[in-house]
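Construct all of the structure, not just a fragment, from the sequences and the given hints.
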Amino acid sequence: MRKKEVERWDQFVDVIEQIKKKEKSDRLKQVMEHPNTLHSLCEVLGVDFKQTVNEVHPSLGEADGSKNLSNCTIESLASAASRLRELKVKRMQKLQDLPLACLNFGISWIHHLKNSICSRM
971 MRKKEVERWD QFVDVIEQIK KKEKSDRLKQ VMEHPNTLHS LCEVLGVDFK QTVNEVHPSL
1031 GEADGSKNLS NCTIESLASA ASRLRELKVK RMQKLQDLPL ACLNFGISWI HHLKNSICSR
1091 M
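All you need for the working numbering is the position in the sequence shown, starting with 1, plus 970.
In case anyone wonders, no lab produced these hints; they're calculated from the structure. It is possible that some hints are incorrect.
Simulated crosslink set (DSSO-like; lysine-lysine; CA at most 27 Å straight-line) [claimed, not checked]:
#1 Lys990 - Lys974
#2 Lys1020 - Lys1058
#3 Lys1020 - Lys1060
#4 Lys999 - Lys1084
#5 Lys973 - Lys990
#6 Lys974 - Lys991
#7 Lys999 - Lys974
#8 Lys994 - Lys1020
Simulated restraints, written as ranges between beta carbons of each label pair [stated by the list, open to error]:
#9 Cys1042 - Phe982: 30 to 36 Å
#10 Ser1049 - Leu998: 40 to 46 Å
#11 Ala1071 - Ser1029: 40 to 46 Å
Yeah, the Cβ is synthetic: ideal placement off N, Cα and C, and Gly gets one too.
Structure follows, in structure tokens:
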């Protein structure tokens, strides 16, 4: 009977270890997805990726070594990505508004030119 209990205990410990490994693996995957997103956004926006990641946590900017996997780090990465997405949207909005601003400027310039020509006559 004691042998079965020990075997069950060992199985239990093995299952717990597997769960811990999976959680750590999932967490690492989650942490590493955010820098990939940040890298893409930084590249598009012309923002320094290393500086952005180092602001979240210095260990994330290093190629080797352990990474900080705390909830705070994950939340900070998500927050940084969110800020960059907002910046991207603002810049895209400015680009969308630019043709209209140029058109309005052109129309104003034509009116000014027309008025200048008419006043000389």
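- Message: Between the alpha carbons of Lys973 and Lys990, is the straight-line distance 27 Å or under?
- Response: holds (26 Å)
- Message: Given the hinted pair Lys974 and Lys991, is their Cα-Cα distance within 27 Å?
- Response: The hint holds at about 26 Å.
- Query: Do Cys1042 and Phe982 keep their Cβ atoms within the hinted range of 30 to 36 Å?
  - Reply: holds (31 Å)
- Message: Check the hint pairing Lys999 with Lys1084 against an upper bound of 27 Å on the C-alpha distance.
- Response: Violated, at roughly 64 Å.
- Query: Does 40 to 46 Å hold as the CB distance between Ala1071 and Ser1029, or does it fail?
  - Reply: Once the Cβ atoms are compared, 44 Å apart, the range 40 to 46 Å for Ser1029 and Ala1071 holds.
- Query: Holds or violated: are the alpha carbons of Lys1020 and Lys1058 at most 27 Å from each other?
  - Reply: Cα-Cα ~18 Å, so holds.
- Query: Quick one: are Ser1049 and Leu998 within 40 to 46 Å, going by C-beta?
  - Reply: violated (19 Å)
- Query: Is it true that the CA of Lys1020 sits at most 27 Å from the CA of Lys1060?
  - Reply: holds (22 Å)
- For the pair supplied as a hint, Lys994 and Lys1020, confirm whether the alpha-carbon distance does not exceed 27 Å. OK: Lys994 and Lys1020 at ~24 Å, within 27 Å.
- Message: So if I understand the rule, the pair passes when the alpha-carbon distance is 27 Å or less; does Lys990 with Lys974 pass?
- Response: holds (24 Å)
- Item | Agreement of Lys999 and Lys974 with the hint, judged by alpha carbon distance not exceeding 27 Å | violated (37 Å)
Checked against the numbered hints given earlier, this structure breaks hints 4, 7 and 10; the rest are met.
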